[in-house]
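In the numbering used here, the protein residues as written are 818 to 916.
Heads up, some of the hints might be wrong.
Stated by the list, open to error - Once the Cα atoms are required to be at most 20 angstroms apart in a straight line, the calculated DMTMM-like pairs of lysine to aspartate or glutamate come out as:
#, residue 1, residue 2
1, K895, D880
2, K838, E874
3, K856, D889
4, K856, D880
5, K856, E874
6, K856, D835
7, K895, E874
8, K873, D839
9, K838, E862
10, K838, D889
11, K856, D867
12, K895, E862
13, K838, D880
14, K895, D867
15, K856, E846
16, K895, D839
To be clear, the hints were calculated from the coordinates, so they are not data collected in a lab. This one's a predicted model, so the numbers in the text were calculated from it and none came from an experiment.
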Amino acid sequence: MPGSRLYVGNLSYSVTADQLKDLFGQYGEVVNVNVIEGKGFGFVEMASGDQATSAKEALNGTDYNGRTMRVDEARPPKARDDRGGGGGGRRGGGPGRRF
818 MPGSRLYVGN LSYSVTADQL KDLFGQYGEV VNVNVIEGKG FGFVEMASGD QATSAKEALN
878 GTDYNGRTMR VDEARPPKAR DDRGGGGGGR RGGGPGRRF
């Protein structure tokens with residue numbers, strides 16, 4: 818696994834970044850943890866791809882806080898399309914409006 822960033826899904830909404838750091842820290846150095854509040858998932862970045870692989874193999878499919886955790890390599894963010902914002906609406910008029 819070339820990447821060191823892991824997606825961690827199906828988490829209890831009460832799981833904290835510190836809890837994930839402790840859990841994943843058993844498999845190597847945790848560089849960064851980001852839990853998306855109220856969504857049940859987060860991201861853990863390990864110091865190396867080997868450490869990320871070890872953590873993934875050990876933790877994927879295991880029970881954590883009553884839920885079966887899903888651990889996989891995080892996909893890179895999609896490139897943003899710089900086409901600008903949406904168009905405006907029609908400027909209203911009416912029978913009595915003059916330009």
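Verification of the supplied hints:
no.: 1; hint: K895 with D880; result: 30 angstroms, violated
no.: 2; hint: K838 with E874; result: 17 angstroms, holds
no.: 3; hint: K856 with D889; result: 17 angstroms, holds
no.: 4; hint: K856 with D880; result: 18 angstroms, holds
no.: 5; hint: K856 with E874; result: 23 angstroms, violated
no.: 6; hint: K856 with D835; result: 17 angstroms, holds
no.: 7; hint: K895 with E874; result: 26 angstroms, violated
no.: 8; hint: K873 with D839; result: 15 angstroms, holds
no.: 9; hint: K838 with E862; result: 9 angstroms, holds
no.: 10; hint: K838 with D889; result: 16 angstroms, holds
no.: 11; hint: K856 with D867; result: 28 angstroms, violated
no.: 12; hint: K895 with E862; result: 18 angstroms, holds
no.: 13; hint: K838 with D880; result: 16 angstroms, holds
no.: 14; hint: K895 with D867; result: 24 angstroms, violated
no.: 15; hint: K856 with E846; result: 25 angstroms, violated
no.: 16; hint: K895 with D839; result: 29 angstroms, violated
Figure legend: structure checked against the earlier numbered hints; hints not met, in rising order: 1, 5, 7, 11, 14, 15 and 16.
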